[in-house]
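J.: The lines below spell out each chain.
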Amino acid sequence: MKVGVVVFPGSNCDRDMYHVLKDVFKLDTEYYWHEKSLPKNIDAIVLPGGFSYGDRLRAGVIAAHSPIIKDVQKMAKKGIPILGVCNGFQILVESGLLPGVLLKNESLNFMCEWTNLVVENNNTPFSNQFEIGQKIPIPIANGEGRYYVDDDTLKKLKKKNQIVFRYDEVVNGSSHRIAGVCNEDGNVVGMMPHPERAVESEINPIDNKPSTLIFESLLAKMGVSN
Amino acid sequence: MSLEPQELDELKSKIGRDPTSTELQIVAAEWSEHCSYKSSKRHLKMLPMKGPLVITEKGYDSGVLDVGGGYVVTAHIESHNHPSAVEPYGGAATGVGGVIRDILSAGTRPIAIFDGLRFGDIEKDQQARWLFKNAVTGIADYGNCLGIPTIGGEVEFDQCYENYALVDVAAVGFGKKENLIKNHAKKGDVVVLMGGSTGRDGIGGSQFASDSLESEDRSAVQIPDPFIEKLIIEAVLEARNQKLIHAMKDLGGGGLSCAISETADALEVGIEMDVSKVHTRESDMHPDEIMVSESQERMLIVTTKTKLKKLQDICKKFRIGCSVIGVVKSDNQMHVKKGKKTFANLPTDVVANATLLNLPSKKPAYLENIEKEKKFKPISNYSKTLLKLLGAPNIASKIWVYGQYDHEVGIRTVVKPGRDASVLRLDNGKFLSAKIDGNPKQCYLNPREGAIGCFEEACRNVVCTGAKPIGMLDHLQFGNPKDPEIFWTFLESLKGLTDFAKDFKIPCVGGKVSLYNETPVGPIKPTPLIGVLGLIDKTPLIPQKITDGDCLILVGDTKDEMGGSEYFEYIHKFVGGKCPAVDFKSSKNNMKSVLDSIKKKLLKSAHDCSKGGLAVAVSELCMTNQIGCKVSLEKIPGKKLDVDRLLFSESHSRYLLTVQKKNLKKLEDILKKNKTAFKQIGQFSGDSIVFSKGNKPIIDLRVDKAQKTWVNSLRDLVLHG
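Chains A and B supply the protein sequences, listed in that same order. With the numbering used here applied, the first sequence corresponds to residues 1 to 226, in that order. With the numbering used here applied, the second sequence corresponds to residues 227 to 947, in that order.
Calculated directly from the structure, the hints in this document are not laboratory data. Incorrect hints may have been included.
To be verified - Straight-line alpha carbon distances no greater than 20 Å define the calculated EDC-like cross-link-like pairs of lysine to aspartate or glutamate that follow:
(1) 827/B to 202/A
(2) 656/B to 184/A
(3) 536/B to 35/A
(4) 359/B to 144/A
Unchecked claim - Anything over 10 Å on all C-beta distances counts as not near chain B; from chain A, calculated:
(5) 15
(6) 56
(7) 203
(8) 224
Even for Gly, the Cβ is constructed at its ideal location relative to N, Cα and C.
So here's chain B without its partners, still in its complex pose (with noise of 0.2 Å):
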């Protein structure tokens, strides 16, 4: 874990002499994947990142999106899977407390927590079981004792990720536009590292993380502490307030090195610092461990010389360190010394900007023929089936995860989490919708199609609370660049988000890498998680309950389109087959058709159809209304298909919407007006889930028993096996 012979070559070349040993730690830290990006940055260029809401500034760690009356959102995604995969707890906990940190460099205040999980198969793994349990504990312990609320996210269990966890947190931040910090410095300002204490924690942490996970390196990791970043919060809310921070960084990968020489390199200053004026945790710390310890909970801030003392008030109330470590120069010098004794002097821009790679990138072999079906048993029950999927972990409540996680402290929780994204009022009149998404198991039989497939599907849910799409983050998850293969996965992934991006014109307001995610067995699946936010501008659809007589409208065509899908793959332990595909006018238009229809107030609800297929979506509607429904197979919308195709095809694109008669025909006016592919194809009435073909059921399930597996098993699993 140090510089590689031509890494050091050129940084032999670039600053004329040999690194200290100080030098070599801190340009370690900073070349390292996890810090440079080097491997990605030049593709991630593609994405469009300009949009009439985004406003950018120098040296922001999350997207900024201006929402009228004076406000801006902020958002960022970060994830933390080699700690999590080793010290899940901590690990998962110290994720959140990263991104969070994020908000806060912009100078607005969180409000939001999401959480993608993704572990390996838990029915049959013990480890996988025990990763998750904790992993979801050190979200719960450390969100709620912030107070800020975890709304939303996802959990998916797939054996790719066996002996290991992807832990993904997105967060959300509010503020007055007025209050965003501009970062800039100017020479003779000072320095100021606030927060906790820099300790032997999390030293190499970056590096740890830009290699494959080989040794449990547990001192890799650090240790949470929620109560410091609760702090932290508050102080640096109430040094905003008076105008006290003029530049402000997260200490997060990478730690000081990180930190003061993106912030020098970005304001285009020099900085010197003392490492004797640290606060640490340990008396006896060489310059090295200080530079690149990766202690939570810290934040770095520049400041004038006058504002200074009021800003160590405010860290005395919250009884928070607040040291101040260096001066700014105008050198362009990131200079480090311990008393009179210098330890590093190297250039801000070397260190901070890695040479980017060019890697080569080849299809992978296994796709050649992944798409090829294998004839199935015929089913002999479809309601056993069914029943089966309403209780697999991937589709399952989730309910024993966020039932732990505070999801309505700050009361501005309008649709809770559970339902297709949750819905946050803002204090300017409007509402935010976000959801993140993932699915490895179509990205992994097409990384194109897959990961548009996850951004629409992120898109459908903030539609179907009302919500425009306004901005995207994108988590990029995959194992070793240097495998031409996987590197191939992880530009098909990004173009096709690149295409989707454009073509929608949602702008990418913020994102992360995350690569060398390998296994004892092998790489993880490509795993390009999206978030998308969405504004709603007057009211949002709040699920009404669905009484008797309602009608169940399918907008979208079903497809043979069964790749990837939790039929396949839990089903019938097959993977392989035709991967969803969006066709991005009929997407256009279905998300258009929604939109109006929930503007003109005539639906009851709007559920995304997706894990699990139509089969699935329909019942999460029975057993969250606690009322059965017909449904009529010959008419859903698209091509003829078998039953197995229209029951659980995971085609996208497709929404369930709920209609009382009196507003049907207004609705019917809405999507022929567009030209949606719809239809009418059940009504609710009764205590039983049943597909029909022509007068035959094909399934009859009744509601309550299907709701008991799928609000149990989970929960069950977790703490039974």
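Looking at chain A on its own, in the form it has when it is part of the complex (with noise of 0.2 Å):
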């Protein structure tokens, strides 16, 4: 199983995100700079945190027209697995592959601290081996983090089921406390926490690592065993 890490100028987790899926979950993992196109034979893909284009006009807003997203479209469309994180997120949101806008945070600051996010949805390929309203420990670490759709949005939203994660408190102000969503068919998974802070033990000395679920969920989707 083969999965991409695409490489944005200005990305700033690509090589965290590398490391947590080739090392600590053993898979076939490459890099895809911006302006490359993907393999027809790519199996997952994933945009890592960071500040592309150094946030410029708006988190996420530049990279949205990179080449690569129109591979990315391609893929999303063909109902291949693909989850953002963080910038990843907010490309994702740019680029309109997921609905909402990500505004900056309530307090106006970079939040960077650690908090619990409630599971949703379990149906898609980054949450299938969660229970519903399992408790996930993890950090964020933003300053537009605060997830914002209009209420006819959030009734469509909680009607097909694209809500994923949760903030278990109010954290940034984002709309319904929402952390993560997808797109309608469940492949597209965007949030802003950061899973690949919290799999590993040296690291993480919070909790007993639920957060390891979100890649366990991809092998088990692609019926890759650990």
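Dock chain to chain to rebuild the complex, using the hints, since each chain is given by itself in its own frame.
T.: Here is the structure:
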């Protein structure tokens, strides 16, 4: 199984994500520079966090026009699992693959802290190993992480089961405390928190690492045993 | 802001003619205090710079330590005081950028940032609040964008920084020893300027920083662009992997003037360059401006003609500027041209080596009576006093600051900020611990003991994680060195640091001197800032949750040393008294004892006892673990003292160890064996912080109440005044 980590100018969690996929979950992982095209035989795509184009204009908006996004959109249509984390989530939203927008946090500050997620949808390639309502301790690190949708869209998201993760408490003022959503087909998932920062016990003294299940869900989806 | 008359005469006699205007600009930049260290250099040599782990190479801007397994750690410290005082956001941000490029210059990837921030009295002074808020945002926006975690630092407020700011940034890098850039150049090699374009920002910045801050010269402050810096980091490391870099230097103070002259001088070659080849932000820049512009995010690289194409391809991939601006010659001249016309042609050793000064020094008059103490009105309610201290800006939790810094990116951060020292995992299975510490209040009372205290405190902090100190960074910040009294305090601090470094065999791996730190009301207090790097071979001590029944051990004597304490200065508004002094022998003993007991896995946590004294240190343990503690004041090791001193003295070499009952005996055995002064002073339980003498409670403060004050007070102060 082959996983691609897309690298934009200014991505800065690409190496962390690569390490986790390759060294922790033993997946065949490769970097793809944003001007390259994606190979046809790719099985999953991850858009990592960072500050693509220095967050100029608005986080993720310039990267959403990178050449590789056309390929990502094609893969999305084909049903290939795609995960966007933090800036990756912002890029997926800006490129129209996911609904909503990400605004500045209510505090107007960058926030780096651990928080708790609650699983709302366990029917995506990145959440199928969770129980509904399961809590995931996980770090966030963002300045523009407040997910916003209007009331009609929120209704639609609820109806179509597109809310994947919610914050357990109010963190940054997100609509309906949403932390992660998926597209209607469920194969494209975006989330603000950083699962790659929570899966190794050495750097996660906080919990017994339920965040691992985000990656194990992908393995299960692909039928790979770890 | 130019050469002194005698310096101009010296330049004329050295080159045998009148200098051109460009030459004057170049030499003024390079001979500035900031670039040349002319006042301090001859004294800095006293510091021990060698050690078994230290790797030295010519032309490095950062210190390099061999951490085993084929890996190295690099470290450097810088400040951006003058710029931050007029434009805190840009000044602080570009301070981060500069030190990061120093780490990059050695060919290592930056993996951590530390920042030490100092401002005026934030409770009274709106300007201090504005400076503080914007400096923090500047550091956050820059460091976060780069994806380099800011994992530690300190914040302090003191009236001596009124209308001013000290912004110190340290950075740590990591890489393979084989990838270190071994700076070298030969005739015919090409000189490349890579990165951001050269503009009119930061012109004369190094001279600006070498003078007292009189004018708010905003044009001397550089404009930050972290996105370009991030691209440079990746491009440089890619070029390094392909072995395309023969020599490299960051463009910092003095811009091209310094980078070209220092590179040529260090590598014993000449460089001929053409200013018209430099990619500029504006089209009509004069050669003088191009030579001294301090625009950020630029690197100077020497490579061969054959490797040039590959380097250009990498820059093209990252869409960053890459101009071939010159060639390496064998004549040891720095030759600056525009097209065919020569604008400067100077011997590099003349430019790069200003004549060092030997400034007079004299013990300041104010020190004569400074140790005398006053009688204060007795404290009627110590619980209230403790609560007030916990909310004091210098003691309150700094979560409002480090919560804005991405301290997890890079997935190395094992012990996160907010503890004694942060810990990073390294690729060789070891762990690196680091901390920076300053204490101007103590350094003002006794520049020597105060400086040693900063050094020991930084050591204590890394020792609390189980790390053995392996290297030190010093950043010496003082007022105008031409004032003999100020220069005396500089020399005293330096001598103290030297003595401690030699005795403890901790080499100085890097440093910086920042002089002329003067505010409208006078010089700053002596502010040496010390960074200590510690190495953990196997397992770091990650603080475990303290639970009911755990025992609290105090290691080290508490002494009658209240000078510079928060208790004197914040509660009683009194500056004076006896400055805490480090006893080298017991300091070493205590360090060894703590490290031994961590190695034997006997401790739940180890915590340094410093600002605010024992009362604050115990409270910090209680608040972070949400548990109460009962402490008996009569058990505190040391001579008999009154309650104020027992609670609030800031004596050094003290550690609070938390141990489970079952390990108590084993711990005591180690401490006794090492002849360490210690006592079990209390036990954790309940939900109140209690200090008692005999059976009489002196302090009884609820943990949740204390925590609320401690966590929120700094943020409330910033947001609501």
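J.: All hints, please: hold or fail.
T.: Taking the hints in turn, this is what the structure says about them:
Pair hint residue 827/B plus residue 202/A holds up; C-alpha atoms about 17 Å apart against a cutoff of 20 Å. Restraint check: the Cα-Cα separation between residue 656/B and residue 184/A comes to about 46 Å, which exceeds 20 Å; the hinted pair is violated. Under the criterion of a C-alpha separation no larger than 20 Å, the hint pairing residue 536/B with residue 35/A is consistent with the structure, at around 18 Å. Between residue 359/B and residue 144/A the CA atoms are separated by roughly 19 Å; this keeps the pair inside 20 Å, and the hint holds.
Not every Cβ of chain B is farther than 10 Å from the Cβ of residue 15/A; the closest lies at roughly 8 Å, contradicting the non-interface assignment. The Cβ of residue 56/A does not lie farther than 10 Å from every Cβ of chain B; its closest approach is about 7 Å, which violates its non-interface assignment. Some Cβ of chain B comes within 10 Å of the Cβ of residue 203/A; the nearest lies about 6 Å off, and the non-interface call is violated. Listed as a non-interface residue, residue 224/A keeps its Cβ farther than 10 Å from every Cβ of chain B; the least gap is roughly 23 Å.
The structure fails hints 2, 5, 6 and 7 (numbered hints given earlier, in ascending order).
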